[in-house]
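So the sequence lines, in the order shown, correspond to chains W and D.
Count along the first sequence starting at 1, add 7, and that's the number in the numbering used here.
Count along the second sequence starting at 1, add 18, and that's the number in the numbering used here.
Hints should not be assumed to be uniformly reliable.
Claimed, not checked - Below, computed lysine-lysine pairings styled on PhoX-like, alpha-carbon distance capped at 20 Å:
1. Lys29(D) - Lys122(W)
2. Lys127(W) - Lys29(D)
3. Lys31(W) - Lys80(D)
4. Lys80(D) - Lys252(D)
5. Lys263(W) - Lys252(D)
Hints are computed from structural coordinates only; laboratory data are not their basis.
It should be emphasised that the depicted structure is a prediction, and the values quoted were computed from it without experimental measurement.
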Amino acid sequence: MQTQPPAPAPTVRPKRKTSTLQRKETLSGFLFIGPMLIGVTVLTLIPILATFFLSLADWNFVAGLKDIKWVGLDNFNRLFQDEAFLKSLRNNALFLLAVPIYLAISMLLAILIDKHVYMKSYFKVAYFMPYISSIVAVAIVWQVLFHPSAGPVNQVLMSLGWDDPPKWIADPQYALVSLMMISIWISIGFNMIVYIAGLQSIPRDLYEAAEIDGAGTWAKFKSITFPQLSSTTFFLLITGIISTFKVFDLIAVLTKGGPLNSTSMIVWHLYDTAFVNLRIGYASSMAVVLFFCVLFITLLQWIGQKKWVNY
Amino acid sequence: MTALRTINLRKTIITVLMLGMSILFLMPFIWMLSTSFKIEAEVFVYPIQWLPTQWNIINNYKEVWVGQFPFYIYYWNTVKVTVLTTLISAGVSALAAYGFSKIQFKASGYLFLIVLATYMIPQQAILVPQFILYRFIGLFDSHTGLILLSCFSVLGTFMLRQFFMGIHTEFIESAKIDGAGHARIFWQIAFPLVRPAIATYAILRFIWTWNDYQNPLIFLRTDGLYTIQLAMQKFTTINGEFYSLMMAAAVSAILPLLIVFIIGQKSVIEGIALGGVKG
Chain W
8 MQTQPPAPAP TVRPKRKTST LQRKETLSGF LFIGPMLIGV TVLTLIPILA TFFLSLADWN
68 FVAGLKDIKW VGLDNFNRLF QDEAFLKSLR NNALFLLAVP IYLAISMLLA ILIDKHVYMK
128 SYFKVAYFMP YISSIVAVAI VWQVLFHPSA GPVNQVLMSL GWDDPPKWIA DPQYALVSLM
188 MISIWISIGF NMIVYIAGLQ SIPRDLYEAA EIDGAGTWAK FKSITFPQLS STTFFLLITG
248 IISTFKVFDL IAVLTKGGPL NSTSMIVWHL YDTAFVNLRI GYASSMAVVL FFCVLFITLL
308 QWIGQKKWVN Y
Chain D
19 MTALRTINLR KTIITVLMLG MSILFLMPFI WMLSTSFKIE AEVFVYPIQW LPTQWNIINN
79 YKEVWVGQFP FYIYYWNTVK VTVLTTLISA GVSALAAYGF SKIQFKASGY LFLIVLATYM
139 IPQQAILVPQ FILYRFIGLF DSHTGLILLS CFSVLGTFML RQFFMGIHTE FIESAKIDGA
199 GHARIFWQIA FPLVRPAIAT YAILRFIWTW NDYQNPLIFL RTDGLYTIQL AMQKFTTING
259 EFYSLMMAAA VSAILPLLIV FIIGQKSVIE GIALGGVKG
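In isolation and in its complexed conformation, chain W is listed as follows (with noise of 0.2 Å):
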């Protein structure tokens, strides 16, 4: 059976009354979720159909759209020929790695935070202060921490001993480890913030009942409170995945891709494509591609929040 809930006081109306009602209902409905509904529909959906039609074609913008040409899916095949794309895209999945790393120490700051600490507030502002400042300015300020000679980061390391400190974000080979590190020195905060929301809601008697069999301290977490993230963590995962698909900024800012295309992600090269060189079709084709991954990872969490719900 498939009923609504039923009304609090059904009332029982004549039913031409009920259908003009009805129709006085439906038009205020449109009428609150128009603006809505015209913003969605005009500035994501058309947008985003006219990407895969766009991606289909070789198109130089400044050209006017007499010049298009249809090449069918030349540009895909292409694109995964493209030494510069692949690199971005395995740049990408390098990047994911940071996912895990910021995850752990989130978890363990808010473990600390919510249970362990005095001054809770202080270290929730601490830890949170990275993500609310724009990453324009963190990213100057790394820019010269991080100044291969004179930053004060290889400063330290220098007067602690090491002769020949990594170039960081000058460097090829540590750029993007360099860009990993800033990422997630970022998001700590963020995921902090939520696994405290998640901490607060495990039942305490959970806890009571461990501690009368005697559990200590890591039999507690291993067998109460990471398993009781799991959703948390679980979210926080496909959200820092998807967050790693659309790095922007960042690399913006702090390398353009550079040095030798060592930074350089999808997103970037998308902007790089479209922006600086003007050719609309294959960075639209691109576009397809960032589709399906944030995609395909979100029909992941679907399908992965259906197992969890009932744990």
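Dock chain D against chain W, hints included.
Using the frame of chain W, we list chain D on its own:
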């Protein structure tokens, strides 16, 4: 008693360790602030001087605010764009959220699904068509265009809908029996009830818009229209060797947000925790 004391001792030790760790998170900001007070020659002196020997605050900030790249213009631009985006976006989202939760009509369920589905489309995947569209309809390189881009927030609609659903239907039914239309019910009953949630969303939107770099970069071209993030980057490119000035610019860009954050700290943290939301 001993148990209590050992626990407290452990708590103290962990607090001290965490304090040490938190320095890692605050130090870059302190370094930024202290550098913005220095003369250029002292920026890279090692060991780091946290307090400058020669204070140069006024000159540094004067150069940033009214110099060759006058920040007061960009500040004004950013304030304008951010405040308008926040207000419009909160309004549009609140209306839609009410419509999707408190008005029963046929297509509602499907339309909500469609709107929700667009949330998983990464904005970068539609940048190119948006750019072309803006060139066509003349919204490119304008604040109106920039504001419109972030006005239709699926996330805001979704968040606020949860809160509207928490309002008892009886409230609304009885108001209807008294002859009130949805406009009046929304404005006089529903809106005041979800005001805290709207405030939370508005603070988050404020922060995201203030910090947005990608949209201004792509959709603005004229110098005079730049927002502060964009201006800061241009400023860095031009004053690349003047680190004290760069840091003064960065401090200027972060400070207003810090104030918003400290005032609305609880809302921000709750909002983040609640929706697990991310710009």
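Structure-based check of each hint:
1. Lys29(D) - Lys122(W): holds, 9 Å
2. Lys127(W) - Lys29(D): holds, 12 Å
3. Lys31(W) - Lys80(D): violated, 60 Å
4. Lys80(D) - Lys252(D): Holds, because 17 Å separates the two Cα atoms, which is no more than 20 Å.
5. Lys263(W) - Lys252(D): holds, 14 Å
Checked against the numbered hints given earlier, this structure breaks only hint 3.
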